[in-house]
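Asker: Chains R and U supply the protein sequences, listed in that same order.
Taking this note's numbering, I'd label the letters of the first sequence as residues 1 to 645.
Taking this note's numbering, I'd label the letters of the second sequence as residues 1001 to 1367.
Calculated from the structure, these hints are not laboratory results.
Remember, predicted model here, so these are calculated numbers, not experimental data.
Be a bit skeptical, because a hint or two may be false.
To be verified - Distance windows between CB atoms, simulated: (1) Lys1248(U) with Arg131(R): 22 to 30 Å; (2) Asp1129(U) with Val26(R): 22 to 30 Å; (3) Lys1041(U) with Glu322(R): 56 to 64 Å; (4) Gly29(R) with Leu1153(U): 31 to 39 Å; (5) Phe94(R) with Lys1248(U): 28 to 36 Å; (6) Thr1242(U) with Tyr89(R): 51 to 59 Å; (7) Leu1186(U) with Val26(R): 50 to 58 Å; (8) Asp1132(U) with Arg125(R): 58 to 66 Å; (9) Tyr89(R) with Val1060(U): 51 to 59 Å.
C-beta: ideal position from N, C-alpha, C; glycine also.
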Amino acid sequence: MTSRSRLTPRAKGTHAPPRRFAWAQVAVGCAFFLLIGRLYQLQVMSGDYYLRKSADNFVKELELPATRGQIRDAKGRVLVDNRPAYNVYITPRFFNTDSFTKLKKYLALTDEQATALEVRIASKRGLDRFRQFLAFEDITRDQLAVLESEKNDVPGVAVQAVAHRNYPHGALAAHMLGYMNQITPEELSDKRQKADALNYHLGDYVGRAGLERQWESFLRGKDGVERIVVDAKGQRKDGAEREALDTFYLGGPQRSEAEPGNDLVTSIDLELQKKVETALSKHKSGAAAVIDVETGRVLALASWPEPDPNILTGRLSHAQAEQLNTDPLRPMMDKTLRENYFPGSTFKVVPTIAALEDHLIDPDAIVRCSGGLRFGKRYFRCDKAHLSVNLNFALAESCNVYYFELGQTLGLDRMARVANDLGLGAPTGVGLNSEVPGLVPTSDYYKRIAGGFQKGVVLNTAIGQGDTKVTVLQLAMAYAAIANGGKLWVPQIVERVQTADGQVIQEFPPRLRRQLAASADMLQKVRAALYDAVNHPPPHEGTSFRARVPGLDVAGKTGTAQTGKFHKEGEEGDENNSHSWFASFAPSKDPKIAVVVLIEHGGFGAKASTPTAMEIYQGYFDLQKGLSAGPAAAPEARRAARRAQ
Amino acid sequence: MPLTALRKLRTKFDWPLFGAIVAIVAIALVNLYSATRVAPKGLYQNQLMWFAVGTVIFIVTAASDYRFFERLAYAVYGVGLVLLIAVLIGGKTVKGSSRWLGFGPFGVQPSELAKIVVIIALAKLFSGDPLDLALRPWRYLMSALLIMGVPMLLIMKQPDLGTALILYLIATTILMVVSLQLHVKLLTLGAEFLFGTVFFLFKLHGYQKKRLLTFIDPSLDPSGAGWHARQAIFAVGSGKWTGKGWLKGTQNQLQFLPEHWTDFPFAVFAEEWGFIGCTILIGCYLFLILWALNLAAEARDRFAETLCVGCAALLFWHVFFNIGMVAGILPVVGVTLPLISYGGSSLLTVMVTLGLIMNVSIRRYSY
Chain R
1 MTSRSRLTPR AKGTHAPPRR FAWAQVAVGC AFFLLIGRLY QLQVMSGDYY LRKSADNFVK
61 ELELPATRGQ IRDAKGRVLV DNRPAYNVYI TPRFFNTDSF TKLKKYLALT DEQATALEVR
121 IASKRGLDRF RQFLAFEDIT RDQLAVLESE KNDVPGVAVQ AVAHRNYPHG ALAAHMLGYM
181 NQITPEELSD KRQKADALNY HLGDYVGRAG LERQWESFLR GKDGVERIVV DAKGQRKDGA
241 EREALDTFYL GGPQRSEAEP GNDLVTSIDL ELQKKVETAL SKHKSGAAAV IDVETGRVLA
301 LASWPEPDPN ILTGRLSHAQ AEQLNTDPLR PMMDKTLREN YFPGSTFKVV PTIAALEDHL
361 IDPDAIVRCS GGLRFGKRYF RCDKAHLSVN LNFALAESCN VYYFELGQTL GLDRMARVAN
421 DLGLGAPTGV GLNSEVPGLV PTSDYYKRIA GGFQKGVVLN TAIGQGDTKV TVLQLAMAYA
481 AIANGGKLWV PQIVERVQTA DGQVIQEFPP RLRRQLAASA DMLQKVRAAL YDAVNHPPPH
541 EGTSFRARVP GLDVAGKTGT AQTGKFHKEG EEGDENNSHS WFASFAPSKD PKIAVVVLIE
601 HGGFGAKAST PTAMEIYQGY FDLQKGLSAG PAAAPEARRA ARRAQ
Chain U
1001 MPLTALRKLR TKFDWPLFGA IVAIVAIALV NLYSATRVAP KGLYQNQLMW FAVGTVIFIV
1061 TAASDYRFFE RLAYAVYGVG LVLLIAVLIG GKTVKGSSRW LGFGPFGVQP SELAKIVVII
1121 ALAKLFSGDP LDLALRPWRY LMSALLIMGV PMLLIMKQPD LGTALILYLI ATTILMVVSL
1181 QLHVKLLTLG AEFLFGTVFF LFKLHGYQKK RLLTFIDPSL DPSGAGWHAR QAIFAVGSGK
1241 WTGKGWLKGT QNQLQFLPEH WTDFPFAVFA EEWGFIGCTI LIGCYLFLIL WALNLAAEAR
1301 DRFAETLCVG CAALLFWHVF FNIGMVAGIL PVVGVTLPLI SYGGSSLLTV MVTLGLIMNV
1361 SIRRYSY
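From just these sequences and the hints, can you work out the full model?
Answerer: This is the structure:
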């Protein structure tokens, strides 16, 4: 240590200790005080806030979807259930161009879909790139098989199984059962306020029509939730580490199990519904209702044509939606509940009952029909010259002239009173698909509308034209009431709600809407006339006589509702062709069921609707025989029945 | 001779300085274990190895007489510049900037070394005759700016904004503390500020500008740089008084903190040890820096004095910038926390720095 001489010694004592170092120390002290102050602010003053923030980071709520309830028929057969579906999820961070090419090939994506996917992936930023999003729903089995076998070569793509609504019978009873689709963000913000208890999330399916919609709150169940610990990539650890994390941060597993939705047991008979639809399928467009007259329960309800709810629930393409909405046969329209029709001659039971009730005419009095009636300057037509008819045959033969005169005797309001009593002009109360009320015009009604009351209206009203409108189900309930001696039921589809393991939660006994004013005796007269309308041979041949089926004891009234500008008989489906009705019940002496069939633009009632109704009755009685004799003995019983004829 | 050296060591050894270093190293080892638990495998072992190397370097630096460094100051500075140029030509490129020179499996960051050589060169510059300094302050000033400016430009070229900034701050601190007239110091600061503004407007890369602007207004980038900074603040704040406990910080263990073993280990520490832990750690640093400044005041020559100021400045700016960045009062620039951050070059630089302080301390009374 002798080389000191070369160094400049510090001028000790001249400025010792120098002030500038002390200043530097003060500056350092201040700077560190600032740091400590900031830490105090973050950790002590706002510590709770940041603790919550950090907890929000790693505690995620995992939704445990509830299994939606099934819909079953009266015998417990499944109408609607759930099936596993496979959804494709993509994690943008790990999804590369190779994945994209492969996915495009495996799922056979259109250029449009591929572009949309690219845009979606490009829109993810920051942490969202680590979070998987639902890219494609419900891929096919073949696509699943390819993706599963290649999954190690398609990074960033995952397939997960979820429960998807399933309609195992395809389009069967589509309008009644309904369909589902995803809740929209707008509804979500709205629904949260209204029905918080149901707790919807984005991506959830909601019943959009039919029973699915009406019974949503019963079917849906309650989603469970599990609070889990995730890392920054949104992923959950496995095994022991998972348990340790859950225990440490959440104080043990936090899981509330999902409550499955309840099952609906309906009064529908699956086999009968099939037969009804088979019968309807022979026509282009129509509807039918089968009602148990003793309870008012709906045994079958069909609108034709109908969309497949499996397509509506999920993968509905624009082209499919466009096709469904522009089809002239209107497959999306529920023709049993949502559409008003002129009742045509099926309405003639109304003036008939009105006449009997008020004793305004002698039922046996004869009216002469020469094929039409001149009223003022207009000529009102009848189908043919019925010559002389009394009330019974006027109904059985559907003589317009008789009803033109009866209508004038009764006046609008008497007919309206009886029509309302039969449940026309008001919703039936089935509650499905926002049913329309129909229309029963009164004299008040004509005071309100433009054009006002014209005398000819009474004549047209009496034969079910004019402004009277009914729905298929309304007419079925009215005929059921005539058949059962005057009990107008509220139509019911759901018999009971039960839990998934069969415990009954709520039962729905038959609901009587009202007892008709008409006496049993009067209704008996109407039933007799309706029997003749099908079974009376010439002379006074019933309108459905030629369409009757030997062995089927049916009573019912045809209707031919004019829709075109002129009365014309043409090809079925021609838009000027009349709608064809048949409103009926059977067996005629001890009625069990009421059947109403409407064939749109089907022409004369007896031509299109009556045979369809007969096919339905045949199906019903076959099923009844099969039931009483047991399934194995059914063919035997049928053969025996044939020998007996 | 060895016996004399040992006795000298026992009597002259700076135990308080050593104690503070050991305390911080202990905290570093404990904290890094937690921080690297979710990091790629082997990081902790790597760092232990670096600590071993660092200890040797510390001893070597502390043991060799600092007058040796004084003599070789400009030569060492020259080597530093050569390395910086070498890294620009043949450096490894990581995340878009070439900062590394590869030596076998390990890389070295010459920019870290540059801080030391600049401190030594500046100490040498200002070790001359104080009268000369008083007479021709501008000449010294220009030389100092040159000594700082050349490596700084080379580092910016990499680009490594954080290190360039630290280098600038260290040099400026030295200029502020050496015995220059007040008006010279103020004029220097003013000129630097002007230059800095022009530089920001015209020379910074887009992402660098964005980071600084994001700091001023975090809503500019909620998921990028701003997101990292916010997660760090969540970590710090959620530690509250006593922390969540070692290995139990969620922000750390569940990987919400980016680069948490290099740039954000303080967030890990703050989350797991809380305000009390932070205060203790900052207290250790504060003691270290104040102690180094004391040593500067007591140093027996001007070289040692400036050397200590430079070393204290290096420690101070690293600590202040890193903690300030984690706590959200300074922009996110890649500045490591001495001893606590993972990384060989950074650790070795700090070990050399501490070695130099110890060196001066041991020799302060030996006239």
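Asker: Hint by hint, say whether it matches the structure.
Answerer: Status of the hints after comparison with the structure:
Checked against the hint of 22 to 30 Å, the pair Lys1248(U) and Arg131(R) passes, with Cβ atoms roughly 25 Å apart. Between Asp1129(U) and Val26(R) the C-beta distance comes to about 29 Å, which sits within the given range of 22 to 30 Å. Judged by the Cβ atoms, the range 56 to 64 Å given for Lys1041(U) and Glu322(R) holds: they are separated by roughly 57 Å. Range check, Gly29(R) to Leu1153(U): Cβ separation about 33 Å, and the 31 to 39 Å hint holds.
The hinted window of 28 to 36 Å between Phe94(R) and Lys1248(U) holds, with their beta carbons roughly 29 Å apart. Distance hint check: the CB atoms of Thr1242(U) and Tyr89(R) are about 41 Å apart, inconsistent with the given range 51 to 59 Å. Look at Leu1186(U) against Val26(R): about 18 Å separates their beta carbons, and that is not inside 50 to 58 Å. Between Asp1132(U) and Arg125(R) the Cβ separation comes to about 59 Å, which falls inside the hinted range of 58 to 66 Å.
At roughly 57 Å, the beta-carbon separation of Tyr89(R) and Val1060(U) lies within the given 51 to 59 Å, and the hint holds.
Taken one by one, the earlier hints fail for this structure at numbers 6, 7, listed in ascending order.
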